[in-house]
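As they're listed, the protein sequences go chains A and B.
Sequential numbering from 1 applies to the first sequence in this note's numbering.
Sequential numbering from 1 applies to the second sequence in this note's numbering.
Don't read these hints as lab results, they were simulated from the structure.
Hints may contain errors.
Unchecked claim - With a straight-line cut-off of 16 Å between C-alpha atoms, the simulated EDC-like cross-links for lysine to aspartate or glutamate are:
(1) A:K88 - B:E384
(2) B:K496 - A:E58
(3) B:K186 - A:D130
(4) B:K510 - B:E531
(5) B:K89 - A:D148
(6) B:K242 - A:E69
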Amino acid sequence: MSGASNETIDVVLHVWRQPPGGEGRMVTYTEEAKGISPDMSFLEMLDVVNERLIAKGEEPIAFEHDCREGICGSCGMMINGQPHGPQKGTATCQLHMREFRDGDEIYVEPWRARAFPVLRDLIVDRSAFDRIIEAGGYITAPTGSAPDANLIPVPKEAADAAMDAAACIACGACVAACPNNAAHLFTAAKLQHLNLLPQGQAERYQRTVAMVEAMEEYFGSCTMHGECQEACPKEISVDFIAYMNRDFVKAQLKNRKLAGQT
Amino acid sequence: MIGELNSKVPSGPIEDRWTNHKFDLRLVAPNNRRKFQVIIVGTGLAGASAAATLGEQGYNVKVFTYHDTPRRAHSIAAQGGINAAKNYKSDGDSVFRLFYDTIKGGDFRSRESNVYRLAEESVNIIDQAVAQGVPFAREYGGLLDNRSFGGAQVSRTFYARGQTGQQLLLGAYQQMMRQVRQGTVKLYTRTEMLDLVVKDGVACGIVVRDLVTGQVTSHSAHAVLLCTGGYGNVFYLSTNAKYSNATAIWRAHRRGALFANPCFTQIHPTCIPASDEFQSKLTLMSESLRNDGRIWVPVDPDDTRPPDQIPESERDYFLERKYPSFGNLVPRDVASRNAKAVVDQGRGVGPLKNGVYLDFSSAIERIGVEKIRERYGNLFDMYERITDENPYEVPMRIYPAVHYTMGGLWVDYNLMSNVPGLFVLGEANFSDHGANRLGASALMQGLADGYFIISYTLADYLAGLLGTDPVPTDDPVFADAERSVGDTVARLLSIKGTRSVDHFHRELGKIMWDHCGMARNKAGLEKALSEIPALREEFWKDVRVLGGAALNQSLEKATRVADFFELGELMVRDALHREESCGGHFREEHQTEDGEALRDDENFAYVAAWEWTGKGNEPVLHREPLKFEYVTPTQRSYK
Chain A
1 MSGASNETID VVLHVWRQPP GGEGRMVTYT EEAKGISPDM SFLEMLDVVN ERLIAKGEEP
61 IAFEHDCREG ICGSCGMMIN GQPHGPQKGT ATCQLHMREF RDGDEIYVEP WRARAFPVLR
121 DLIVDRSAFD RIIEAGGYIT APTGSAPDAN LIPVPKEAAD AAMDAAACIA CGACVAACPN
181 NAAHLFTAAK LQHLNLLPQG QAERYQRTVA MVEAMEEYFG SCTMHGECQE ACPKEISVDF
241 IAYMNRDFVK AQLKNRKLAG QT
Chain B
1 MIGELNSKVP SGPIEDRWTN HKFDLRLVAP NNRRKFQVII VGTGLAGASA AATLGEQGYN
61 VKVFTYHDTP RRAHSIAAQG GINAAKNYKS DGDSVFRLFY DTIKGGDFRS RESNVYRLAE
121 ESVNIIDQAV AQGVPFAREY GGLLDNRSFG GAQVSRTFYA RGQTGQQLLL GAYQQMMRQV
181 RQGTVKLYTR TEMLDLVVKD GVACGIVVRD LVTGQVTSHS AHAVLLCTGG YGNVFYLSTN
241 AKYSNATAIW RAHRRGALFA NPCFTQIHPT CIPASDEFQS KLTLMSESLR NDGRIWVPVD
301 PDDTRPPDQI PESERDYFLE RKYPSFGNLV PRDVASRNAK AVVDQGRGVG PLKNGVYLDF
361 SSAIERIGVE KIRERYGNLF DMYERITDEN PYEVPMRIYP AVHYTMGGLW VDYNLMSNVP
421 GLFVLGEANF SDHGANRLGA SALMQGLADG YFIISYTLAD YLAGLLGTDP VPTDDPVFAD
481 AERSVGDTVA RLLSIKGTRS VDHFHRELGK IMWDHCGMAR NKAGLEKALS EIPALREEFW
541 KDVRVLGGAA LNQSLEKATR VADFFELGEL MVRDALHREE SCGGHFREEH QTEDGEALRD
601 DENFAYVAAW EWTGKGNEPV LHREPLKFEY VTPTQRSYK
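With the rest of the complex left out, here is chain B (with noise of 0.2 Å):
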């Protein structure tokens, strides 16, 4: 059993707790590290770039990816940037802003030293990344430009057009290659990790599949990492990778790591909505078009005329009545919410009714065309190409979609979960954004996790383990996972049902969104507690898996859709027991009298960390509470 969790912050002033943590921190001498191994899994931003740094500092690192190749991660896909308190614009920002700003923006839902360290990493990570030869936007004088985005007031992103992730990838890629090529780092594609293998209690390796081969193996190591993103695709739409999969943390899961905060989950309200039934993923579009777009929809649900027959008096302008102050630029989850209101009261536009106006006709008639075109054009050309629809002169419809999921692995401070040598770095992980996150900081995350915090941590656990080899791979620990996974692809490979896999993900994607998504109440919750057990047996009973095992992707959609739908009923289960609503966890039961989320510190302020007890049991819930000595929690307000 799993007693008092301990979150191993250290004491002390935040500004320096980091700095003598590290100095507590016992090394591994440069001559030991080769005799440890380490697995890694996941080639993003977090596992690529702790792949290069530890394979640099001479540790035997084996890196894992279910992809042809690493730099095709879903890291590669962010667009609008990366946040660091580098203040090069002298416009007010600091380390401590940057923190503040992000314990503001959880709402007061995350670790305040884990929050800190972020923000002090956050300019090494910049500095790191332009020594890397990553094409950063520059000024005229050649120096770094910066926007604000999200909403900050202050100038701290960094951006590389639109492919900040993508350039940010590719340099931790390279790095890592590099690695690969002096022999420090091992790469395994097209290889998806299925199972996690401890002994007496300690994470001693993994259990993977060849993907072009359908072969089942082993790896033994000193520590696994998993760096292996969110799970944002238990939604089945969203705007996450197809690929995108929560089987490695949920495998982990099962062996004991506890998994916090699951039912923490960002909605982005600019997304491009669904055409049809077929639709098998939403994007996105930069939040920025909010500063220029009015979103709107007629007040009368049965108007069908074309928008610009409608006139003023007849449109609702919701966000700007609602929230004279902020209008169109209120935070995420409340524009969001929003835009969800309206539709569900039959007010939704577009061939299915399920947008909103995000319009820009009295930009345009401010400012002129050139203008919108030079600050969104790329945005108006991605729209029009997708929706066949020129945003110039018909308004954008949009709609909120699933973007990001703060919950995760419980990991401490140092990015170690509760199972000893197991770490979970980047989205993977619960730890830095509470229970919302901001723009622009995910990209931050995974590469302090990566770069600069784990080859810390990690050298500490490592160097109590000096003079003592990997658990080898024919210790029965492996065998009795690798059978385990054997058994679970033989068995989905044997069903031959009738229902496609898409079919019941498209199936549990809709119970998610429906009573798990933007808006979440007891009925629904309950209701959704009930329907997805159903459907899974239905799953393991009906679900038809065609061929073999040598590279078939409906296998390989089948072992991560079996993953989803217990991952699915753990978020329902901490959605329903957190009485409370905070950032994009909304329970309808608790709101303020203005329909704003309404926050229970006196009951809430803690991690929920839930352990798996069991096929059919029900999770055990182990609360890591919560202290907020240098910010005090407040009550948001957008009027």
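Pulled out of the complex, with its shape left as it was, chain A reads as follows (with noise of 0.2 Å):
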């Protein structure tokens, strides 16, 4: 296999185009669509058809995308209905045209969740995130007041479990993928990771109350699809999910004036 095809395919898109403030629609583009390269990364497909439209003069699709090596977050869309579409532990951005055939029809969509409000075609309002990390997703560590830090020694397999929580993107796939739009997944992807730690212990409890009570603010139920998992473009495991119920009951039932013993 070669690692730069000089065969193009040409797709058929449909993608969901939403002006500010107003009403949203499907739209077909099959011209602008034509001669692609598999070698392209999906935003660059896009690219490609944006500068087509803008060519021709009208409005390209917007998108948001930043880093496009699948560590921002900020690209996400459904596509065939799948968050990201079908390559699996792959962001938008990582997904590469190879993955399509000739004459394929793509379905291109936002997320599609209550909580995430549509501001134009793809893009999102996500900032409900923002919101669940203010209420408790982080180690209370002022400036200048750490000890060094070879003094807790931390388990090697608690601190591996604890960076695969963390390796969360933000980018909402989640939430998309689910059913209820449940944040369950990022939630205890950010209260895992501190949870397990033991740096994370005195606050353990009431940020998992305060993580939890944001999160069912803006977002639906867990009723344990797995969907999440599936859609995750880092593979983050439902086991936390797991973890954070069991911190939940725990945390209504501790005396956490005790808390200082062991």
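Join these two chains into a complex; the hints should help.
Rendered as structure tokens:
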């Protein structure tokens, strides 16, 4: 297989177009999506379509993107009904057109979730995530107050599990994939990143309650479909939701005055 | 007019300077801090850590980001790690050694006092991050793991898998969000700074545009902190995120802030080559790959055989040939220039002949495929995802790409620009990396500035303003700045030309890369100096920005590209004036017989700080001489 194929494909794009403050609808692009190199990323394909739209005097398709390396979490769209498209463990920016065949029809829509209102075309407002973090997604550590970094050993297994959870990029695919629009995977990932570490123990239960309550203010309930894990570009496990539920139950029963005792 | 540049570097033994300086700086008492308003632009490592720290201390902070959430800032993409002189491995590291390595790595074009302070604070950053819950890699005993990085002879790099930047940024972001909850920090997302407001020579606020509604408004403060990152996107193709831009610092420059060493650009040798003209950005692969990969091209430029059918005798392992002792591990700038040289000779590989091979076959033969998978598995997967080639079987193709800009706004030891009240932190300033940045040092600088330096130096400035109110936003200076921003936006929307913003950005990028990229010469730079203004003029006549002011991504790009044109021209001027080679700045006229960078310490051991003198006028050069009291400048050799 060669690194750059000379053959191109023609696809048919159906894209959700919605002006700021207006009503949206699906628009079909056939001419604009011809001659696509399989080596292009999905977003580069949209770049090409946009250049062609601009040349015709039509406004380009608005979509969010930034790092294009799968780490900033900006990009995200429903591609043929799947968040981030068909390739597992892959954000939209890392999806390449070689996943598609000549003549394919591709449906592109914004995340569908009440907590993520559409701002324009494929751009949605995900600021509800920030409200969850703000509620308790941190370990209180004022600058300058830290002891030496090696003072508290962290078992490698715990550190690795915390890192698995911390890999979340807050793209919102979990919410878009969930039939209930729940944000349990997002919330649990941050919660368990912090709750699994020794440094996170002092605030563990108040953090759990605060984040879960903020989550429930904006998002739906979890009925354990597991779609979130399937959609997650970082393949974060639903196990963290189980940990979160356990911590939430414990938080109701725990006498926090005794939390300093071992 | 700007007089002599005063770097405000303290005197005395270098190891005491920062400590003594902190004592000499004035304080703001806790009960007075709430009387001060501070503006921070940008929420990467520098901005988020500064906001968290200043908010915690009790200042009123407003934070602005053009992203939908502060956590998207490009610091998030840093892979490799963060240096700190902890010497946990007891392998000879020390604050002085980190200082020494950074000065030397910067090719003797940075300030000793700043770099020493950076090395000193590096150890505090690790403590701070661990307390926040940053999940650094650990050993089985539960203590922190380290690795060596970028050719360093000690293991001083802390890392969180390949996502160190992400984890450090989230740590700072979470601390900042805690302050948002407490009400000390007010967060403005999807809001872009488009001008700095200066009254009587003092920074007093900013003008921003709400990217959703298009509304232009003003915010005033006692001090403004720019933490807006670097300007590598002037080249169009770079490893920077697509939104990264120079507008905040460029607007400040146009309002009087000096721009220092604009031509100092870092080109990273191990990136994936562009696959076609639609390529939107370049992807960096960790330079650790050079530990086991061998770099080569065919001897014969017309050799079209697949790599595995080219016999050893017809391959040119050019780095091993030219640098027998360092081989494939020569520094970033040397590796990059040599790759360019063979591609320019027509010996590049791949369909576009725009790369060189990075071949793991002898390493696989030596230590086995499993060991290679263990070391580089995630990088090999990433490579395959992008190129559809399996690097376990076919050599990787790599080529250098723009990665980081060492230049930036000039700041003194207190991180304040020459405009009082305007502070600049992180990659946006010029201060610590000289002409070349060492690997795993960018994260260190952003966080040192934001967590451990600015709260001291800002207090000293604010202490003098106690009892004064910020300039009200109904002052004519704000109205003027708002009008100027509004005019620019209206003009861009009204041109209704024939070419997209990306078209112009690409063209500018080509000029910059060809003439002000990895290797530069007088003729090329002079050519660029005539081409850029011509292209800029065309842009202002023929750019097509459709739609209105509300949520319009073409318009956002257009305002940024307009500033890249002016900055690009300044970069070229700076490269032209610096008649020497140093670090990432390689002037072909100034090289040793072996083709290595030839510094001219007698004439160019200074910071070049440029002053804006109005549209169409030549900028004025100010020089800040660099003195080396602790590390003697030497010529680098990697033979």
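Okay, the hints, checked on the actual structure:
Restraint check for K88 (chain A) and E384 (chain B): satisfied, since their Cα atoms lie roughly 15 Å apart, inside the 16 Å limit. For the hint pairing K496 (chain B) with E58 (chain A), the CA-to-CA distance comes to about 12 Å; that is within 16 Å, so the pair holds. Distance hint between K186 (chain B) and D130 (chain A) is fulfilled; the C-alpha atoms sit about 13 Å from each other, no more than 16 Å. Among the hinted pairs, K510 (chain B) with E531 (chain B) is consistent with the structure: their alpha-carbon atoms are about 11 Å apart, no more than 16 Å.
Restraint check: the Cα-Cα separation between K89 (chain B) and D148 (chain A) comes to about 15 Å, which is no more than 16 Å; the hinted pair holds. Distance hint between K242 (chain B) and E69 (chain A) is fulfilled; the C-alpha atoms sit about 11 Å from each other, no more than 16 Å.
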